[in-house]
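Chain A is fixed; fit chain B onto it per the hints.
Here the protein sequences line up with chains A and B, keeping their order. Heads up, the first sequence is in this note's numbering, so the first residue is 1 and it goes up one at a time. Heads up, the second sequence is in this note's numbering, so the first residue is 1 and it goes up one at a time.
There are no misleading hints in this set.
Which copy is meant is left open, so a pair is good if it fits within one copy or across any two.
In the DSSO-like style, the derived pairs of lysine-lysine whose C-alpha atoms are separated by at most 30 angstroms in a straight line are: (1) Lys72 to Lys44; (2) Lys44 to Lys70; (3) Lys29 to Lys44; (4) Lys44 to Lys62; (5) Lys22 to Lys70.
No wet-lab data here; the hints were simulated from the structure. Computed from a predicted structure; not experimentally measured.
Protein chains: 2
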Amino acid sequence: MTKSSAAVRTPAVSEPNAREIKPGVVAFKRARILEEASALFYEKGYESATLEMLADRLSATKPFLYTYFKGKSAILSAICEAGVQESLAALDRIEEIERLPIDQLKASLREVAEIIVARHEYLVIYQREMMNLDRADAQRILRLRHEFDLRIGNLIENCVRDRSISVANAATMSVWMGGLLTWIIHCYRPGSKRSAEAVVDQAVEACLRLVGLA
Amino acid sequence: MTKSSAAVRTPAVSEPNAREIKPGVVAFKRARILEEASALFYEKGYESATLEMLADRLSATKPFLYTYFKGKSAILSAICEAGVQESLAALDRIEEIERLPIDQLKASLREVAEIIVARHEYLVIYQREMMNLDRADAQRILRLRHEFDLRIGNLIENCVRDRSISVANAATMSVWMGGLLTWIIHCYRPGSKRSAEAVVDQAVEACLRLVGLA
Numbered sequence: 001m002t003k004s005s006a007a008v009r010t011p012a013v014s015e016p017n018a019r020e021i022k023p024g025v026v027a028f029k030r031a032r033i034l035e036e037a038s039a040l041f042y043e044k045g046y047e048s049a050t051l052e053m054l055a056d057r058l059s060a061t062k063p064f065l066y067t068y069f070k071g072k073s074a075i076l077s078a079i080c081e082a083g084v085q086e087s088l089a090a091l092d093r094i095e096e097i098e099r100l101p102i103d104q105l106k107a108s109l110r111e112v113a114e115i116i117v118a119r120h121e122y123l124v125i126y127q128r129e130m131m132n133l134d135r136a137d138a139q140r141i142l143r144l145r146h147e148f149d150l151r152i153g154n155l156i157e158n159c160v161r162d163r164s165i166s167v168a169n170a171a172t173m174s175v176w177m178g179g180l181l182t183w184i185i186h187c188y189r190p191g192s193k194r195s196a197e198a199v200v201d202q203a204v205e206a207c208l209r210l211v212g213l214a
Numbered sequence: 001m002t003k004s005s006a007a008v009r010t011p012a013v014s015e016p017n018a019r020e021i022k023p024g025v026v027a028f029k030r031a032r033i034l035e036e037a038s039a040l041f042y043e044k045g046y047e048s049a050t051l052e053m054l055a056d057r058l059s060a061t062k063p064f065l066y067t068y069f070k071g072k073s074a075i076l077s078a079i080c081e082a083g084v085q086e087s088l089a090a091l092d093r094i095e096e097i098e099r100l101p102i103d104q105l106k107a108s109l110r111e112v113a114e115i116i117v118a119r120h121e122y123l124v125i126y127q128r129e130m131m132n133l134d135r136a137d138a139q140r141i142l143r144l145r146h147e148f149d150l151r152i153g154n155l156i157e158n159c160v161r162d163r164s165i166s167v168a169n170a171a172t173m174s175v176w177m178g179g180l181l182t183w184i185i186h187c188y189r190p191g192s193k194r195s196a197e198a199v200v201d202q203a204v205e206a207c208l209r210l211v212g213l214a
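Bound conformation, chain A alone:
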């Protein structure tokens, strides 16, 4: 989103050529479609929602939607995949920035908790509509979630190795950390009594308690 809106704003300043602008515009339009689709699926449920309704909300046409997505099911899949994809990207980024395993683990848990808060709607839709995903999409997303667990398991393992924490089974703990992080969607929704920051703090603390920290 940041990248794409930057690309949209750029022309006035530096006149980039069309080849530079296009990927940003495509990403921006895809993101807008997903945002509206998510609001629509969240309100009406996937099965009751139609591409006509979605096109209406975007003041666009069905053919416009088909330029960006194969169909309703591809939109659902992109929504369900976003949270875990962004989380994996965050883990990559943090691995570059933080040197100590314990700092990597802490920063990763915090960033993922923040992604889950920001993607509340997307994740509720994933939990609700999982069975409406195409089989191949559902399996691909499960593989990504499994990869996420493995990566968190490795971070825990590295902390155990340098003795900053002590747990018997890093892989198991990573699964329960995933559970705590996912539970955020039941503790927080935009406009809820608890603030997003408080819920993120609590979730990170709970994860660290699992491995004897905090």
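Chain B only, in chain A's frame:
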């Protein structure tokens, strides 16, 4: 279920009168309907499932179903409510049996974890089909879940008071324990690689780690 099957088996032994048998038979039939409805909703999704399909699976008729439930939505509500109702009943039972707060907490977590394993299908349906519940039913179930959190929070509070554990905020911890227990439905399904016992043990251990035990 235990009560009702006992009632069904009793006649040969002690010839109870009709008034004794009837509540057991009603409970048994309701339970059978919920069992089949759960399997049906789990496979097909709530919206695609029909009362005709359900009656077929039970070799019964639609009027038979209406004797026990107002309609499809009442069946969904009973399925979604079962897990938390059974959990609250377990907490009542354990309060009678165990004296020490810490033993009450441990026994409660274990029994609830076992209920969640046993009610895997019901709880998956609750997560998926929440938005298909009648508003009043959805709110009633939320209140029950809230009551469950409060009761676990009280158990933690009692442990803090007698110094068997030390946590800053018992209420908050009870919410995250709820998250860990609910995560069981993603870690275990009948026939999965991990055994039910192993998952229950892990979940209880994870909950106790949250409050600095295990």
